[in-house]
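Taken in order, these protein sequences are the chains called A and B.
At position 79 of the first sequence the residue is numbered 79 (UniProt numbering), and the sequence of numbers has no breaks.
At position 202 of the second sequence the residue is numbered 202 (UniProt numbering), and the sequence of numbers has no breaks.
No wet-lab data here; the hints were simulated from the structure.
Bear in mind that the values here come from a model prediction, so they are computed numbers and not experimental data.
Do not take every clue at face value.
[As the list claims (entries may be wrong)] Listing some non-contacts, in silico: residues in chain A with all C-beta distances to chain B over 10 Å:
(1) Phe-101
(2) Gln-109
(3) Leu-128
(4) Thr-142
(5) Leu-144
(6) Phe-276
[As the list claims (entries may be wrong)] What follows is a set of in silico ranges between Cβ atoms, one per label pair, in the way DEER data are often shown:
(7) Leu-72/A / Gly-17/B: 44 to 54 Å
(8) Arg-188/A / Glu-68/B: 20 to 30 Å
(9) Gly-60/B / Arg-188/A: 18 to 28 Å
A virtual CB, placed ideally from N, CA and C, is assigned to each residue, including glycine.
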Amino acid sequence: MDVVLSQLVAGISVGSILLLAAIGLALTFGQMGVINMAHGEFIMIGAYVAFVMQGLFGSGVSLLVAIPAAFLVGGIFGVVLEQILIRHMYHRPLDTLLATFGVGLILQQLARDLFGAPAVQVSNPPWLSGSVQILGTNVPLTRLFILLLVVAVVAGLAALMAYTSLGRRIRATVLNRNLAETSGISTRWTDRTTFFIGSGLAGVAGVTVTLIGATSPTMGTSYIVDAFLVVVAGGIGRIKGAVIAAFSLGILQAFIEYSTTASIAKFIVLIAVVAFLQLRPQGLVSVQTRSLA
Amino acid sequence: MSQSAALTVQDLEVTFGAFTAVGGASFVAEPGEVHFLIGPNGAGKTTCVDAVTGLVRGSGRVTLGEQEVLGRPVQKIARIGVGRTFQTASVFEQLSVLQNLDIAAGMHRSPWSLMGRRRGVEDRIRDALEQTQLEDLWDRPAGILSHGQKQWLEIGMLLVQDARVLMLDEPVAGMSLEERNATGELLHRVKQDRAVVVVEHDMEFMRSFASRVTVLHQGTVLSAGSVAEVQADPKVQEVYLGTASMTEEDAAQADAMAVQTAGGPHA
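Pulled out of the complex, with its shape left as it was, chain A reads as follows (with noise of 0.2 Å):
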């Protein structure tokens, strides 16, 4: 009972992270349906936007200075990244692909002439040094820290999603272009300021992987595929099911990895969303509605 409840933690701990990298990605590839492979060095960039925000300001508050500061950046990067890039190859899913790859190979390459090759170490700060107990498991206070944070991300989401003239805007500009902008909606504006929160919800995650991982220019590359798998096993569009789907995948791993090795459970984990998906092609969240069109 203690291993099941213990690896049920753990679960949701690797699966708290998992949700952070895919958040964003939910937005942009999700509802827009932009494959930005530039996405896991947005994560990248908010970890060393945690690195430098140390360098200022001590490892005390740095961190809760960082995570709006990451957001910024990340998001700035976001939207200049639609503006010169993207927004070019709207409806060209695989050209976006290769260009956005690029792009990613551009910035780790950025990152590794400004901050050196190797890893660098962002100190957690003191006041999440520690454990508390949590049915029976330590569990580290910066694991907890990850999980509070992504649970007030997605809240926070969900409400300008469902309750604010622009998430109303955000979801009409998805669902019918042409009926959006006869409904006097700015699709390139909005277009633009979707992008820039989901990736500025990608440099929010790398602040926070700071905390469990070393800082280097290609943590990206480790964080991007797991980030994809999240958003197309959820259900492509619906933040609802990433969520679930982040969780499930980190709990299965868990558990799965208490009884093998990390990479048999990793191995385990990609066979059964692929055989999902054989069976689901839609994603654990899916929509239906009445549509002559």
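Take the given structure of chain A and dock chain B to it, following the hints.
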């Protein structure tokens, strides 16, 4: 309510490569009138609406009151008061009826007020729900509405976005006779302070509800005037009777149209 204004289309031309879809069409849609654009398939009716609303590029001159329409981006044209519906009922299927109307109502809001939560239901949204008989369905996803209800919701969206001219592309396609009459009456209620332009194939509907008719043929205006005038025009009779691709039903309608000289109840 912003001031009502006439939509004036002068020498509108739309070309797709070497093909001329609209070759110099002109008409004026006055507030208080339900102006029908009719013509055989491929006459350029929908292309006219697409050009006026900015979805395709057109040349010529289009004004709404004093304001130039052509050359502006689509959402700007919508904001100066040109609203339209689409041939296939187009609503935001995954959003509720109320959210659909909210999007239309939010058109004149500044980007900075977008983060606010909605407070209550605005009067004009309530009014539009009532006009389109969708009061009881306000919280349902628009995707589950019947085809006819979706078309009414489209019109409701134009009402809340305060459109000064409503351009409706086949608003009664696929509707029952009862629904058609309800739609026609709705159009005559909303025309009071707006211009209404209707693209339509249904001759019976046109006869019953048109204030003025412009007949397009191969991208140009073949005839214009009241229902009676247009029906009496030999050129119109020829086009409608002489088109080889016409279905039997169309032919019967055109026959009836050629014979009947008196206009419908609203003509």
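> Hint by hint, which ones does this structure get wrong, listed from lowest number up?
Replying inline: none
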